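Trainee: Next come the chains, spelled out residue by residue.
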Amino acid sequence: MEDINDEKTQQIGYILSLLGKRKKEPIFNTVLVDRDYQLENLLTMMNFKDSPYNIDNDSDLFTKTLTDQREVENSVIKIYKEFLNSSSDNYESGNGSGSGSESEGENGIGNLKKSLHLKFLKNALKPLNPAFTKLDASQTWIVFWIVNSLLLLDQDYLVKNPELNEQICLKIGFIVDYNKESKSEKEYQGIGGGVGQLGHIASTYAAIMSLSFTKRYDVWERIPRKSIYDWMLNELKQKDGSFVMSRNGEKDVRAVYCALTVGSVLNILSKKLVENTAKWIQSCQTYEGGFGGCPDNEAHGGYTYCAVASLCLLGDPKDMLNKYCNLDALVRWIVSRQYNIEGGLSGRTNKLVDSCYSHWVGSLAPFIEIAIEWKTIMSRNCLQNYILLCCQNRRYGGLRDKPLTNPDYYHTNYALCGLSVCQNVYLFNYKKFEESGRDFRAVGYCYEASGIEASDVVERFQENSVSEIHPVFGTVNGYAQEMYEFFCGVEIK
Amino acid sequence: MEAYNYTDIQCPPPESSEIELCRILYSEDYLTNMGYMRGIMSKNEYSERALALTEKIINVCAAHYTVWEYRYNIIKDGSNHNKIIKDELIWSENIILENPKNYQVWHYRQLLIIELVSKSSDDYNVEKEFELIDKSLIEDSKNYHSWTYRTWLTKHFKLYNDKNLSFINSLLKSDIRNNSAWNFRFFLLVNNPENYIEQDRKSIINGLVLQKELKFTENAIELAPQNQSSWNYLIGIYEKFNLDINNLKGLSLKYSNFEDDKISELEMQPIISSVHALELLARIYSSSKTTVDKAIRAYDLLATKYDPIRVNYWKYLSSSLNTT
Ligand SMILES: [Zn+2]
Numbered sequence: 001m002e003d004i005n006d007e008k009t010q011q012i013g014y015i016l017s018l019l020g021k022r023k024k025e026p027i028f029n030t031v032l033v034d035r036d037y038q039l040e041n042l043l044t045m046m047n048f049k050d051s052p053y054n055i056d057n058d059s060d061l062f063t064k065t066l067t068d069q070r071e072v073e074n075s076v077i078k079i080y081k082e083f084l085n086s087s088s089d090n091y092e093s094g095n096g097s098g099s100g101s102e103s104e105g106e107n108g109i110g111n112l113k114k115s116l117h118l119k120f121l122k123n124a125l126k127p128l129n130p131a132f133t134k135l136d137a138s139q140t141w142i143v144f145w146i147v148n149s150l151l152l153l154d155q156d157y158l159v160k161n162p163e164l165n166e167q168i169c170l171k172i173g174f175i176v177d178y179n180k181e182s183k184s185e186k187e188y189q190g191i192g193g194g195v196g197q198l199g200h201i202a203s204t205y206a207a208i209m210s211l212s213f214t215k216r217y218d219v220w221e222r223i224p225r226k227s228i229y230d231w232m233l234n235e236l237k238q239k240d241g242s243f244v245m246s247r248n249g250e251k252d253v254r255a256v257y258c259a260l261t262v263g264s265v266l267n268i269l270s271k272k273l274v275e276n277t278a279k280w281i282q283s284c285q286t287y288e289g290g291f292g293g294c295p296d297n298e299a300h301g302g303y304t305y306c307a308v309a310s311l312c313l314l315g316d317p318k319d320m321l322n323k324y325c326n327l328d329a330l331v332r333w334i335v336s337r338q339y340n341i342e343g344g345l346s347g348r349t350n351k352l353v354d355s356c357y358s359h360w361v362g363s364l365a366p367f368i369e370i371a372i373e374w375k376t377i378m379s380r381n382c383l384q385n386y387i388l389l390c391c392q393n394r395r396y397g398g399l400r401d402k403p404l405t406n407p408d409y410y411h412t413n414y415a416l417c418g419l420s421v422c423q424n425v426y427l428f429n430y431k432k433f434e435e436s437g438r439d440f441r442a443v444g445y446c447y448e449a450s451g452i453e454a455s456d457v458v459e460r461f462q463e464n465s466v467s468e469i470h471p472v473f474g475t476v477n478g479y480a481q482e483m484y485e486f487f488c489g490v491e492i493k
Numbered sequence: 001m002e003a004y005n006y007t008d009i010q011c012p013p014p015e016s017s018e019i020e021l022c023r024i025l026y027s028e029d030y031l032t033n034m035g036y037m038r039g040i041m042s043k044n045e046y047s048e049r050a051l052a053l054t055e056k057i058i059n060v061c062a063a064h065y066t067v068w069e070y071r072y073n074i075i076k077d078g079s080n081h082n083k084i085i086k087d088e089l090i091w092s093e094n095i096i097l098e099n100p101k102n103y104q105v106w107h108y109r110q111l112l113i114i115e116l117v118s119k120s121s122d123d124y125n126v127e128k129e130f131e132l133i134d135k136s137l138i139e140d141s142k143n144y145h146s147w148t149y150r151t152w153l154t155k156h157f158k159l160y161n162d163k164n165l166s167f168i169n170s171l172l173k174s175d176i177r178n179n180s181a182w183n184f185r186f187f188l189l190v191n192n193p194e195n196y197i198e199q200d201r202k203s204i205i206n207g208l209v210l211q212k213e214l215k216f217t218e219n220a221i222e223l224a225p226q227n228q229s230s231w232n233y234l235i236g237i238y239e240k241f242n243l244d245i246n247n248l249k250g251l252s253l254k255y256s257n258f259e260d261d262k263i264s265e266l267e268m269q270p271i272i273s274s275v276h277a278l279e280l281l282a283r284i285y286s287s288s289k290t291t292v293d294k295a296i297r298a299y300d301l302l303a304t305k306y307d308p309i310r311v312n313y314w315k316y317l318s319s320s321l322n323t324t
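Residue numbers (full-length UniProt numbering), protein chains in the order written: chain A, 1 to 493; chain B, 1 to 324.
If you're looking for bench data, these hints aren't it; they were derived computationally from the structure.
The reader is advised that the hints may include incorrect statements.
Said to hold, decoys possible - With a cut-off of at most 20 Å between alpha-carbon atoms, the simulated PhoX-like pairs for lysine-lysine come out as follows:
(1) 142(B) with 64(A)
(2) 251(A) with 215(B)
(3) 173(B) with 239(A)
(4) 240(B) with 279(A)
(5) 64(A) with 173(B)
(6) 101(B) with 351(A)
(7) 49(A) with 305(B)
(8) 305(B) with 254(B)
(9) 375(A) with 254(B)
(10) 215(B) with 240(B)
(11) 173(B) with 323(A)
(12) 305(B) with 289(B)
(13) 134(A) with 101(B)
(14) 173(B) with 134(A)
(15) 142(B) with 402(A)
(16) 351(A) with 142(B)
(17) 173(B) with 351(A)
(18) 180(A) with 43(B)
(19) 493(A) with 272(A)
(20) 64(A) with 135(B)
(21) 81(A) with 49(A)
(22) 402(A) with 318(A)
(23) 402(A) with 86(B)
(24) 135(B) with 251(A)
Please read all numbers here as calculations on a predicted model, not as lab measurements.
Generate the whole structure from the sequences, applying the supplied hints.
Mentor: Set out below in structure tokens:
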């Protein structure tokens, strides 16, 4: 048996053999001490890869799932090894006191390329090429992904760029008003994905959240809250407690999530609107512990997020998650999404890691950590490694699903949200909730974030740090709350 | 496609073009068609040319739910209703196979089937739908939309038949790690009324069916012990039908390569065949006071040796044993 008391020695030995170089241990050891956790974690992960305890399945039956999985693992390992290589080269050349220029600041490959991502996002502020016609029914989403990403990278982005703020008001305001003016108040069908499109609850979510970023009270006042409420209640809400996405549209747990988040920030939620909803969500939990889009569907990261965040808009997380789901199974399913070699998260059992699940699954961590009263349940540092090292496009900016894919706005936003959750722990302020008289309409505004201790996660450089995200709304912290508070003082009309 | 004339249509003003933010540079064609579409929709014209127009737009933007909904209204409104819907089913098949990951196309199909069956006098054989679903699953065996539609169809028309199961078997045969297929298998097992027998006025699962299913799962584990799908399925069955998890001790020992009485010995760190087996073993140990120490040891091994990415989770499970 190997000497288990000296894991660090093993790691160093491993990395040396990996590099094919022989070095004196003490030098490397000192380096490691004042190195950061990013490197240390990668060493652990790569060390595990070749350890005898890693079940590599090689003697098992080979199938497509395993071939695909190996392919991704190999692309990730290549990146991690290159990074370790370049880091150690810097030490070798005796660059300063152990921090090589390559890995310092925004240029280091392990760091968040903020200015590059900002550049990537800013391209969308100009007209989009005709290929985007495919997203014609998702225009409010494009705006949402981009603006939320910009704010994750720079909390003050909209303050610094008032003309963009104005553009958001114009663009989204026009979509909102168009449906308002073309129909009588009574017939208002919600907010669509573009001008003149049928109301759709997901488009409505993206539109309302985008407007929340603007902090423009004059525009907020134009939102037809009463009509949106009537539409949700009369057209979307189903007897069994679920919601459909739009008139004659599909029914799944996404619709529930969008209806509840929109209802919450507009402060139009009522007991009637959410009658039976928690029960219906409960029926979507599968034998694996995660939730499907509808009862009996496979457990899936996106739907599990919608289900759990929705439950947490109906009551305090500890209470709701114990009452309306098998919490032990849920926790087990969530942590099972993280993979040993990649560090990233997958959306389903035996599927591949994908950076967007850094949010859909990663942002579930706050809820379950609160519910089970355990400080950190996932390996945040390993997830951060995956996002930073494997998912950034280093040439044009933007974040991608996995190595060898192209970045897009959707993955940029959700990878950054995931990064934010890696860097924060969340508490639920029970006292505040009690003070509201346990009013479920206030429950979304009782979360408090605090930066995580450095020993738990990498914040090598300030450049890596992104804005706090709100676990329920999936938007940069503060905006949803301000909108909710604004509407607390405005009559529903 | 027949050429229709739309020049009489008054197009409501299009997008406010002075807003630069995320403005899509549509093709001339698309803009013109969209203009006609808005005009036609504003006067609720349900016509052949309206139908043709929706197709043009769907071909460019398959996610245009507004246009899909309008198309549905045209179809519903039409005379010679059944014939139109059957044509529509054939037409939408290609759109589905070209856009298998699109919400609208599958949902549209569901609306059509409901419409056809609810108003149809002739007996439409809904099982024909499986041909399309099978085709799409052979292309992409984990496509969530195909599975959602299959689940809906099976449930709605109670098609818990052997044909359904044998397709699942063939998928699992080609990839035993296909979790979507396992999930559907679970759905069939639990929902098929033929799997239950009446006893003392209660409906309980047929023991033979259950045994067969457990055997199937154990064989699957044998083929690929590290495949989490089959372990999840096994535990899922145990929980669903309230079976005693202690019965799985032998199986979990086998694939974790531990000897029951030696797990506490520190030097005992074998090369294991399945992390999931060791996890299950730990769970079994933790259910009895006399073996809690062994459970803690197993969690410790998972955290430090076999599954380090979940170190926080294993510590959490272990600590909850310490306190109780
Ligand atoms: Zn993704």
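Trainee: For each hint, tell me whether it holds in the structure or not.
Mentor: Hints versus structure:
no., hint, result
1, 142(B) with 64(A), "holds (11 Å)"
2, 251(A) with 215(B), "violated (36 Å)"
3, 173(B) with 239(A), "violated (40 Å)"
4, 240(B) with 279(A), "holds (18 Å)"
5, 64(A) with 173(B), "holds (11 Å)"
6, 101(B) with 351(A), "holds (16 Å)"
7, 49(A) with 305(B), "holds (11 Å)"
8, 305(B) with 254(B), "holds (18 Å)"
9, 375(A) with 254(B), "violated (34 Å)"
10, 215(B) with 240(B), "holds (17 Å)"
11, 173(B) with 323(A), "violated (38 Å)"
12, 305(B) with 289(B), "violated (25 Å)"
13, 134(A) with 101(B), "holds (13 Å)"
14, 173(B) with 134(A), "violated (37 Å)"
15, 142(B) with 402(A), "holds (18 Å)"
16, 351(A) with 142(B), "holds (9 Å)"
17, 173(B) with 351(A), "holds (18 Å)"
18, 180(A) with 43(B), "holds (17 Å)"
19, 493(A) with 272(A), "holds (18 Å)"
20, 64(A) with 135(B), "holds (18 Å)"
21, 81(A) with 49(A), "holds (12 Å)"
22, 402(A) with 318(A), "violated (34 Å)"
23, 402(A) with 86(B), "violated (42 Å)"
24, 135(B) with 251(A), "violated (24 Å)"
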